[in-house]
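Chains A and B, in that order, are what the protein sequence lines are.
Sequential numbering from 59 applies to the first sequence in the working numbering.
Sequential numbering from 2 applies to the second sequence in the working numbering.
Be a bit skeptical, because a hint or two may be false.
[Said to hold, decoys possible] Label-pair distances were calculated between CB atoms; the ranges are:
| id | chain 1 | residue 1 | chain 2 | residue 2 | range |
| --- | --- | --- | --- | --- | --- |
| 1 | B | Pro294 | A | Glu88 | 19 to 27 Å |
| 2 | B | Asp309 | A | Phe288 | 27 to 35 Å |
| 3 | B | Asp309 | A | Arg245 | 23 to 31 Å |
| 4 | B | Pro67 | A | Lys230 | 43 to 51 Å |
[Claimed, not checked] Just a sample of chain B residues kept apart from chain A, beta carbon distances all over 12 Å, derived:
| id | residue |
| --- | --- |
| 5 | Glu29 |
| 6 | Lys52 |
| 7 | Ser179 |
Because the hints were derived from the structure by calculation, they are not lab data.
We put the CB at the ideal spot given by N, CA and C, even for glycine.
Listed here are the chains, written in short residue letters.
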Amino acid sequence: MEIIVCIKHVPETAEADITIDESGKRIEVEDLVFDINEWDDYALEEAVQLKEKLGGSVTAMTVGSEEGDSTLRKCLARGADRAIRLTDKAFEGSDGYATAKILHRAIKELPYDLILTGAQAGDDGYAQVGVTLAELLGVPHATMVKKVEFSGDQARVNRELEGGLEAVIEMKLPALITIQTGINEPRYVSIMGIRKAKSKEIKVLGLKELGLKEDEVGKAGSWMTVERMFVPPVEKEVEILEGTSDEVTTKITDILRAKGLI
Amino acid sequence: MTELFVLAEHRQGEIRDVTFELLTKGKELAKKTSTDLTAIVLGHNAGNHAKRLADHAKRVLVIEDPRLENFNSEAYQMVLSQLISQRKPSLTLMGHTAFGVDLAPSLATELNLPLATDCVDLDFEGETLTVIRQVYGGKVNVKARVRKSEGYIVTIRPATFETEEGTPLGGKIVTIESPLSEDIEYKRFIEYVQPPAGEVDITAADSLIGIGRGIKDADNMPMMEELAATLGGVLVCSRPIVDKEWLPADRQVGTSGKTVKPKLYIAVGISGAFQHLTGMKNSDLIIAINKDPKAPIFRVADYGVVEDLFKIVPSLKSKISEAREAHT
Ligand SMILES: Cc1cc2nc3c(=O)[nH]c(=O)nc-3n(C[C@H](O)[C@H](O)[C@H](O)COP(=O)(O)OP(=O)(O)OC[C@H]3O[C@@H](n4cnc5c(N)ncnc54)[C@H](O)[C@@H]3O)c2cc1C
Ligand SMILES: Nc1ncnc2c1ncn2[C@@H]1O[C@H](COP(=O)(O)O)[C@@H](O)[C@H]1O
C-alpha cells in the first residue's frame with residue numbers, strides 16, 4: 059500500500075505565553091517550540107502501522123519553511139520512507155485552501171492508494187485541508203477517523219461523530235482519510251531511527267517544479283485574509299484566588315462549604 | 002430577492018440543536034442584507050423535520066431520497082452543488098460538526114465558492130463577508146475578510162449562537178425532486194456504532210473533577226482519584242487522557258464525549274479548548290486550576306487558581322478532608 063501523510067510543523071501553544079505582534083495580524087513565534095501537529099502524529103503512526111502490516115511505503119509531505127525539516131526527520135525516524143518539503147517564497151501566507159492546492163500538485167504526480175491527514179491543525183484549526191485535497195484529487199474521503207480496515211480495494215472506517223457515536227463508512231481506494239487522536243499509540247523515536255534518518259534525503263519542491271502560478275498560492279490564492287488578531291472576550295468574569303497554596307486551598311474549601319458542596 | 006441558506010443537520014430521526022442556532026443567526030443576517038432565509042433539509046421521510054424548520058425560516062426546501070437518510074457526504078454534495086448553482090444563495094451556513102466538516106470543504110471546492118470554517122461570528126460589511134475564528138487552541142481570535150464572491154459557505158462552531166424561539170415564521174415548504182439517480186458505489190454509509198454504556202453515569206454526578214494533559218503522567222492518576230474520592234465526586238477528563246487510556250471513554254467531557262452540568266466542576270490542568278468547554282461550561286460552579294493565566298478555561302470559570310497543580314492538589318485534598326471531618 060502506497061501511503062502519503064500530510065504533516066504540519068506547528069508551534070506548541072497550549073502551555074506557551076502567546077503574544078500578538080506589532081502588525082496585529084500574527085503571533086510572536088520566536089520563543090515558541092515547534093513540533094509535529096498532534097493529529098498528524100497519529101496519522102503518521104497509522105501510516106507506518108499499515109505499512110508494517112500490508113507492505114508498501116510511506117511518504118511524509120509538508121508545506122512550509124526549511125524549519126519543518128526537524129519534523130520531517132522525526133517522521134523518517136519513526137518509519138516514513140521518504141520526505142518531501144514544499145517550499146517557496148510564494149507559498150507564504152497560504153490559507154487552508156491554498157495549502158491544499160499546493161499539496162494537490164505534488165501528490166497528483168505520485169502513486170498512492172491512501173492519503174492521511176490530521177483531522178485538524180492545532181494552530182489555524184481549519185479542519186479543511188484534507189477534504190479540500192480529496193476533492194481536488196477526485197478521491198472519496200472520510201473525516202475524524204478512529205479505526206481503519208481494508209479488504210481488497212475497499213477501506214472500511216469508523217468516523218467519530220458527536221457524543222461518542224461512530225458511523226461506519228466504506229470507500230473505494232484510492233481515498234483520503236483524516237485521522238482523529240486516540241486511533242493508535244504513537245511510538246517513540248529510537249536512537250537507531252534518528253541516526254538512520256539523518257542521512258536520508260528530504261526532497262524540496264517549489265512553485266516552478268509544481269507548475270503553480272504565483273496568484274494561485276500564498277495570499278493571492280487564498281480565500282481568507284487576516285485583518286487582525288485579538289484576545290477573545292470572556293464569557294464570565296473569573297475571580298482569581300491569590301495567595302500561597304495554603305491560602306488558596308483554604309479559600310476554595312470555604313467556597314465549597316458556603317455552597318453546601320462539602 | 003436572493004436567499005440565505007441554512008443547512009439543517011439531522012441524525013437518527015432528530016434535528017440537531019446546531020440547526021436552530023444557525024437559523025437564529027441566519028434570520029439576523031437575512032434581515033440585515035434583505036435576503037430570504039431558506040432552510041434546506043435533505044433526508045428520507047423528512048416531512049416532520051420540514052414542519053419544525055418552517056417555524057424558523059421563510060422557506061423550507063426539502064429533498065427527499067432514501068439515499069439521503071443517513072449522511073453520506075458524496076450524496077449530499079451532489080444534491081447541494083446543484084441546488085446552490087441553480088439558486089445562487091448569497092451565503093450557505095452549516096455547523097462545524099462531524100457533518101459540516103465532512104461536507105463543506107469539498108462542496109466549496111467543487112463550486113469554487115470561498116469557505117470559512119469553524120467561525121464564532123460573521124457579518125457582512127458592505128459587500129464583504131468578515132468572520133471571526135479562534136486559533137491556537139482558543140487563545141487568540143482572528144478577524145478575517147473572505148475573498149469577494151457571489152456566494153459563500155461558512156461553518157459555524159456549535160453552541161456559539163443561542164436559539165431564539167420567537168414567533169413562528171410559517172415558512173413555505175417546497176419539495177424538490179432528488180437529482181440522485183443511482184447508488185454511490187465508491188462511498189457508502191454502513192451503520193452507526195453506539196458507544197458502550199459506562200459503569201458510572203458522569204452526567205448524574207453533583208461534583209466532577211476534570212483532569213487534563215497538565216497532570217503529565219499516569220503516575221499522577223492516584224493523586225487525582227484521591228482528590229475526587231475525598232470530595233465525594235467523580236473523576237472525568239479532557240480528550241488526551243482518554244487517548245492515552247488513563248481513563249475510559251465514558252469519562253470524557255466535550256463534543257465527542259459527554260455534556261455535563263454538575264453543581265461543581267473543578268478543571269485541573271485543562272486548557273479549555275472549545276470542544277471541552279462545550280461539554281461543561283454550563284456547570285453551576287466552575288473552578289479552574291492552571292499554571293497559564295491565559296488558558297481559555299479561565300474565560301468560563303467562576304474562580305481561578307493560577308498555579309502549579311502539583312502544589313495545589315495535595316493541599317486541597319487535605320483541606321477538604323479536614324472540612325468534611327469537622328462537619329461530621
Ligand atoms: C473533532 C474533535 C473533537 C474533540 N472532542 C473533544 C472532547 O470531547 N473533549 C475534549 O476535552 N477535547 C476534545 N477534543 C480535543 C481538544 O481540541 C483539545 O485538544 C483537548 O481538549 C486538550 O486537552 P487538555 O486541555 O487536557 O490539554 P492541553 O490543551 O495540552 O492543555 C493542558 C493544560 O495544562 C496546563 N498545565 C500543564 N502543566 C500544569 C501544571 N503543572 N499545573 C497546572 N496546569 C498545568 C497547561 O497550561 C495547559 O493549559 C476534540 C478535538 C477534535 C478535533
Ligand atoms: N502546511 C501543511 N503541510 C502539510 N500538511 C498540512 C499543512 N496544513 C495542513 N495540513 C494537513 O491538513 C490537516 C488539517 O489541517 P487544517 O485544515 O489546517 O486544520 C493537518 O492535520 C495536516 O495533515
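Hints versus structure:
{"no.": "1", "hint": "Pro294/B <-> Glu88/A: 19 to 27 Å", "verdict": "holds, 21 Å"}
{"no.": "2", "hint": "Asp309/B <-> Phe288/A: 27 to 35 Å", "verdict": "holds, 29 Å"}
{"no.": "3", "hint": "Asp309/B <-> Arg245/A: 23 to 31 Å", "verdict": "holds, 30 Å"}
{"no.": "4", "hint": "Pro67/B <-> Lys230/A: 43 to 51 Å", "verdict": "violated, 21 Å"}
{"no.": "5", "hint": "Glu29", "verdict": "holds, 19 Å"}
{"no.": "6", "hint": "Lys52", "verdict": "holds, 24 Å"}
{"no.": "7", "hint": "Ser179", "verdict": "holds, 20 Å"}
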